[in-house]
Structure formats: structure tokens, C-alpha cells
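Just so you know, we're using the working numbering here: the sequence shown kicks off at 1 and counts up by one.
Some hints here could point you the wrong way.
[To be verified] Lysine to aspartate or glutamate pairs mimicking DMTMM-like chemistry, simulated, CA-CA at most 20 angstroms apart:
1) Lys223 with Glu260
2) Lys136 with Glu98
3) Lys125 with Glu157
Keep in mind the hints are simulated off the structure, nothing from the lab. Predicted, not measured: the structure shown is a model, and the values here were computed from it.
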Amino acid sequence: MVSWFKEHTHQRSHHYLFPSRNLTSPMPTIQLRPSSARGHGRQNWLEAYHTFSFARYRDPQHNGFGALRVINEDVIAPGSGFGEHPHREMEIFTYIVEGAVEHQDSLSNTEILQRGDLQFTSSGKGIWHSESNASKDRNHGTPLKALQVWIRPSTSELEPAYYTEHFSDADKHNTLCHMISPVGQHAEGTVPINANAHVYAAIVEPGREVVHRVQGMEGKRRKVYVHVLMDGNTGAVRVEVEGGEEVLRGGDGAYVRGVEEGDEVRFKSTGEGRVEFLVFDLA
1 MVSWFKEHTH
11 QRSHHYLFPS
21 RNLTSPMPTI
31 QLRPSSARGH
41 GRQNWLEAYH
51 TFSFARYRDP
61 QHNGFGALRV
71 INEDVIAPGS
81 GFGEHPHREM
91 EIFTYIVEGA
101 VEHQDSLSNT
111 EILQRGDLQF
121 TSSGKGIWHS
131 ESNASKDRNH
141 GTPLKALQVW
151 IRPSTSELEP
161 AYYTEHFSDA
171 DKHNTLCHMI
181 SPVGQHAEGT
191 VPINANAHVY
201 AAIVEPGREV
211 VHRVQGMEGK
221 RRKVYVHVLM
231 DGNTGAVRVE
241 VEGGEEVLRG
251 GDGAYVRGVE
261 EGDEVRFKST
271 GEGRVEFLVF
281 DLA
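Let the sequences and hints guide you as you build the complete structure.
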């Protein structure tokens, strides 16, 4: 846990030649969202970190980013969880870091998901569900560590739907694994989302680099959000765009603004251990 709050030091990078941009377009910008600045809540069964305003945590400067509304990193004690509760008009997914989650919903879905499983709920007109730690032994069980993400849909009043897909560590190793893509632009092997959003995951070894080319339509400005998981590793990633760079460690995020279709966002693993992170490419 100490690594979650390490002091952030800026590192100069080797300068890469980024693809040429329209000279009238402003340079992309990057803004660090430090882990230590996030909302933090603790109960006897739950420890939660909020990137954006959520529950009792309110910060008008961090109410979301485009369609991206919630990134919560939760640590849930064995035998505990979120009881049955409703959702509507939100696309929701759970990314499991460690442990297993037990899911039940009003569509009669009941299953246990583990690391590598992506659990996705399109709440549409309304759905009830519960999410709990599948480890029931309160004394000797395993904590559940998971990321829960909410994205606003681009279409309302849809029928609720539920999907699961498996993306192994090998699928993410030193590459950006495409997990979620928009309905209408649906990429094979990904989960469909009713929003103009693409979501990727990567696990990158020290010294290695991966590159993301921004999706979308030519001439349309987009946003990218990067989130590094609190996985207990000593990893770090240097995020570079043509207009700047930031180094992120566990729990950190970064807002990237002003990118366009085809622009590159580079991710260089600079820590002592591997680094795991998610990338959100948003309208």
C-alpha cells in the first residue's frame, strides 16, 4: 500500500517524433490526477478510492471526463459486498485485480468471476444487481480488489443487458488489449458498449513501451484517460503526448485532452516492476 502514495517525480523522456498534426490544431495536453488527491472512504468491510465525485466525496473539478463518470478502486473484505441495488442509464463494468466477485442480477444472471474476467452491465431502463466478495470466510478469506467503472450511454431507454468476457494476463502482456468498443464500431472479441468509448488494458514490463493511436473521426477532438492500478507492484508508466508527459504510479491517473483521430499516446514502463493500467479513448 505504501506505493500508492509515493511522491511523484517528473522524468524527462527521450523525444519521439510524433505524427504531424494540422498546424491550426492546439497541442494535446496532459494533466496528472494523483492517487493521493482522490476521494477515500473506509468502512469495516470496504476501502474505496474515487477518481471522480462519488457518494460523500465531491470535487467539482473532478466530476467525470467526457462520458466517463466513475472510476472506483475497491477493496472488499471476505463475506462482504454491495447488496442488491438499482442502476439505470449507465454502462458499468468490473475489472478484477485480485480475488473473485459473486454477481447476481434481475436478469437471472448468477456467476462468480475471477481475475481476467470482465463483467459488464448495460443498465438501460433499469436493472437490480448485487456484487460481493466470493470468498465467504471472514477470518481466513481473500480480499476482493476490483475496479468499478461507470460510463454514460449515448442512447437512453435501452433494454438492460449483461456480458462477460475473459482477457488473460497474457492477452495484455506488453500490448494494449482492446476490451470494450462502441456498438456500431464493434471490434471482434470486445464487449459492446452504448457509448462512444474504447477501453484497453495493458501489463507492461520494465523498459517496454506500447503505443495507442486515438480512435474516432478525422478532425474530431477526443479525450483519453489513463488509470494505473493499485496492484502492489513497483511499476510506473511514463505517458507521453506531443504536448507533454507525466509519470504515473499505482492509483494515479492522467487526463489527456485535445487529441484527434490517429494521434499517438505512448506508454513507457519506467518502474522496477511491471505496470498494469487501463486506457479510455473517449468522444
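Structure-based check of each hint:
no. : hint               : result
1   : Lys223 with Glu260 : holds, 8 angstroms
2   : Lys136 with Glu98  : holds, 15 angstroms
3   : Lys125 with Glu157 : holds, 5 angstroms
Going down the numbered hints, you'll see the structure goes against none, and every one checks out.
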